[in-house]
Amino acid sequence: MQENLPPAGEERQVQTLGGAAIDGAPIAYIIVLAAVVTALAFIPFSIVLASGGSMPLNQSIFPLLGWLLGPIAGALASGIGALIGIFLAPYTAGVPVVSVWGAVLGSFAAGTMVTGNERRYWYLALTVLLVLQFCLYGYYAITNNGVSLSVFVAGSFVDWSALLLFVLPTRILFARWIAHSNVGFLAVGLFLGTWMISGITHLSQTTITYFMFNWPEEVWITLIPIIPLENLIRSVAGTVIGTGVISGLRAINLVKPKQAIY
Amino acid sequence: MEAIATLEQVSYLYPGATEPVLKDISLTIQRGEFLGIIGPTGAGKTTLCLALSGIVPQFYGGRFFGRVTVAGMDTLDYPISQLARHVGTVFEDPEVQLIGTSVENEIAFALENLCVPRAEILARIPRVLAAVRLQGFEQKNPQELSGGQKQRLAIAAALALQPDLLILDEPTSQLDPIGSQEVFATVRTLQQELGIAIVIVSHAAEEMAEFADRIALLSQGRLIAVGSPDDIYAQVELLEQHHLRAPEVSAIYHALGQQGITLPAVPVTLAGGLAALPVISTQGNLAPPPAFSSPVIDQQPPILSAQHLTHVYDNGTQALHDVCLDIRPGEYVLVVGQNGAGKSTLVKHFLNLLQPTEGTVKVRDRDTRHLSVSELARSIGYLAQNPDNQIFNTTVEKEVAFALPYLGYPPNVVQQESLKSLKAMQLWSQRQTHPLSLPKGERARVVIAALLAMQPDIIIFDEPTTGQDYQGACSILEVSRQLHQMGKTVIVITHHLYLMPDYAQRVIVMGQGTILLDAPLRQAYHQTELLQSTYLTPPQSVLLAQELSRLSSQDYPLITPQEFAQCFTPELSEEVWA
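Residue numbers (this note's numbering), protein chains in the order written: chain A, 1 to 262; chain B, 1 to 578.
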């Protein structure tokens with residue numbers, strides 16, 4: 001407060017009471033961003049080879065919602081938006097339950113990318129779940145469906161690389177870049193962050209759908225170049241949207257949710 | 001009297017801010033009182049209102065010092081929903097808080113959220129609608145109401161919660177004079193009949209002087225003074241020091257006081273000013289009416305012309321009827337009239353955004369029907385009421401240069417023209433700033449710079465002073481003067497007649513789709529009955545000058561406090577009129 005410090009009054013602990021916010025994120029933000037997720041559900045960006053249908057572009061902003069609103073409010077906004085999107089744009093819904101799960105998980109995982117001490121270990125619980133899923137995924141592919149190890153490694157490149165980035169300190173590095181005032185760092189942070197979060201979301205969703213559809217090795221081989229390409233599209237779209245949104249939010253100085261990392 | 005709200009040494013910083021927006025504020029608001037809050041932009045008025053409802057700091061976060069209590073509840077210890085049972089808030093723009101599909105749904109919404117029983121909600125709706133004089137509008141869509149009616153509906157919705165304290169943050173800034181009067185009168189009735197404490201933030205000095213019990217003056221986050229309107233508005237120098245405007249009556253009597261013609265107390269209301277007029281005759285000599293030169297009538301061909309212009313909207317509403325108007329190059333024209341008078345419809349014809357149902361509109365000698373909107377953009381710059389609607393680039397520089405390439409300007413000319421325009425509007429140092437991060441007055445300046453870069457001959461300002469404090473309004477009007485001095489034709493639409501004497505030359509008064517009066521400004525301002533017939537309020541200087549003319553039996557066509565004060569000289573004991 002420069003020359004005005006210290007004020008005569010005693011400093012009070014500020015807390016949000018009542019229901020105007022969820023986990024420090026104003027409900028209005030959650031509603032608006034859920035609506036954006038729903039709107040993007042109308043735009044398909046890729047064909048789902050394994051189960052048919054198409055993938056919605058809203059997948060590219062699930063991580064962004066986690067960074068804007070935090071893990072709980074972000075997951076809520078993405079989940080609500082994806083759920084409504086399933087009904088309004090069924091052609092991008094895929095397996096509805098899995099789509100909503102992916103939305104919730106993606107935003108939650110992004111929200112656990114914290115740079116401070118608060119909630120710094122939340123990612124561990126998620127890591128345990130993801131490692132378990134990856135092991136199940138590999139075990140089922142190799143032992144039950146006869147997928148060769150090399151094909152599995154290549155076909156799950158996005159999944160394991162994202163998991164590694166998530167477990168290593170790169171998770172915190174990306175969070176720092178997203179919080180950086182330089183728009184270049186912000187864009188790089190958003191790109192790599194979206195790649196990583198979309199990758200682990202893909203891992204979690206695919207493990208479930210794989211147990212449902214059991215696609216053979218031929219499909220695995222076809223998917224080897226396609227899955228990274230899809231993740232690249234998500235990352236580019238997430239970067240373009242995220243850079244604009246975060247730059248705009250910073251410029252107009254709109255109230256920042258408590259768990260936001262930008 | 002019992003206190004309904006108290007602030008004890010309150011300081012507050014928004015998240016990430018290094019400067020507090022409120023600094024050690026201590027203030028007590030009594031039950032049933034009408035407290036006016038005045039202050040320049042950035043004084044912390046809105047933050048103070050938000051602190052009284054708990055939204056600051058509970059919603060915004062940040063650092064909070066001191067204590068605010070409302071109805072005995074500490075605003076940091078109780079949720080906003082509980083505080084909302086005691087504090088109702090009405091914001092500047094009613095559009096942002098009206099969400100219902102009907103008037104009665106709008107009122108019921110907050111009550112439903114607070115789990116008020118249905119029977120009680122049904123009982124409260126007619127009561128509050130009667131209080132704001134909106135009976136019979138129950139089923140109407142709020143979006144179909146006029147500005148004043150919308151604001152009254154917002155007040156009714158707040159009132160339905162039966163608050164002990166009603167906060168109104170600049171509720172009249174977007175309203176025409178009749179809407180503004182409606183709101184002040186309604187609020188005053190609520191205070192007197194229901195005993196609700198009122199806190200109102202407003203730049204409307206004349207209304208505040210008339211209606212408020214106390215005035216609190218805030219500046220740069222500090223509470224500078226609290227007192228009765230008589231105390232505060234009599235301190236004209238203090239107000240000027242904080243870039244605030246005193247009621248014209250105060251300004252006149254203060255100026256007279258400086259000339260040695262003093263009264264025991266400076267009147268701050270029109271009634272007080274009229275009553276004091278005979279008294280000053282005992283202290284000062286009245287000079288003969290000053291001679292004012294008649295404006296020179298330019299015989300150049302008109303730059304804008306409407307001949308027998310009639311416009312009927314698709315729903316059958318006749319917005320303009322047989323309007324004939326010529327505006328000549330280099331004129332500064334003021335267009336006034338109540339909401340719905342046809343001002344905007346007329347302007348939209350100049351921009352070819354609407355086409356005449358009958359008659360013609362010409363820019364120079366070309367019929368606008370044969371000109372595209374983009375061609376007209378080269379000739380006419382239009383500053384909309386809300387400049388934010390015209391801003392969409394990420395830096396001031398990009399905003400100013402945006403249209404030029406589309407008009408076929410080569411890159412070097414784009415750079416040259418935008419640079420010239422930025423410098424002319426004193427925006428050079430802010431060229432890399434995001435336009436929306438600037439104050440509203442500056443944002444208007446950005447849009448003007450963008451218009452200027454296209455080198456139009458005519459610039460139209462549509463309600464440029466709405467929502468501006470006195471300094472902001474003057475700053476925009478100074479820009480208009482600057483453009484006029486550059487030889488541009490300037491057209492300003494506004495309800496704030498008191499701001500315009502130093503700028504406009506000619507006034508066009510519109511009402512019910514026709515031109516009621518087209519006259520030089522001085523002459524038009526003294527057509528008070530005609531102005532009042534279209535719900536416009538003449539400046540207090542004009543009304544005092546007319547009373548002076550009546551008392552002295554001479555014609556004093558004065559329109560500003562300065563002109564009025566200069567008519568008196570401090571020679572003693574000579575009675576100048578009976």
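Warning: the hint list may mix true and false statements.
Claimed, not checked - Simulated crosslink set (DMTMM-like; lysine to aspartate or glutamate; CA at most 20 Å straight-line):
1. B/K348 / B/D314
2. B/K362 / B/D298
3. A/K258 / B/D77
4. A/K256 / B/E19
5. B/K348 / B/E463
6. B/K362 / B/D322
Unchecked claim - Sample of chain B residues facing chain A (criterion: CB under 10 Å; computed from the structure):
7. Y14
8. P57
9. G61
10. F65
11. G66
12. R67
13. T69
14. G72
15. H321
16. L325
17. S429
18. H434
19. L436
20. P439
21. E442
Said to hold, decoys possible - In silico contact screen, one side only, chain A against chain B (beta carbon under 8 Å); selected entries:
22. I22
23. P26
24. R119
25. A251
26. K256
Simulated from the structure, these hints should not be mistaken for laboratory data.
Virtual Cβ for every residue (Gly too), placed ideally from N, Cα, C.
Checked against the structure, which of the hints given earlier come out wrong? Result: hints 13, 14, 15, 16, 17, 20, 21, 22 and 24 break, sorted rising.
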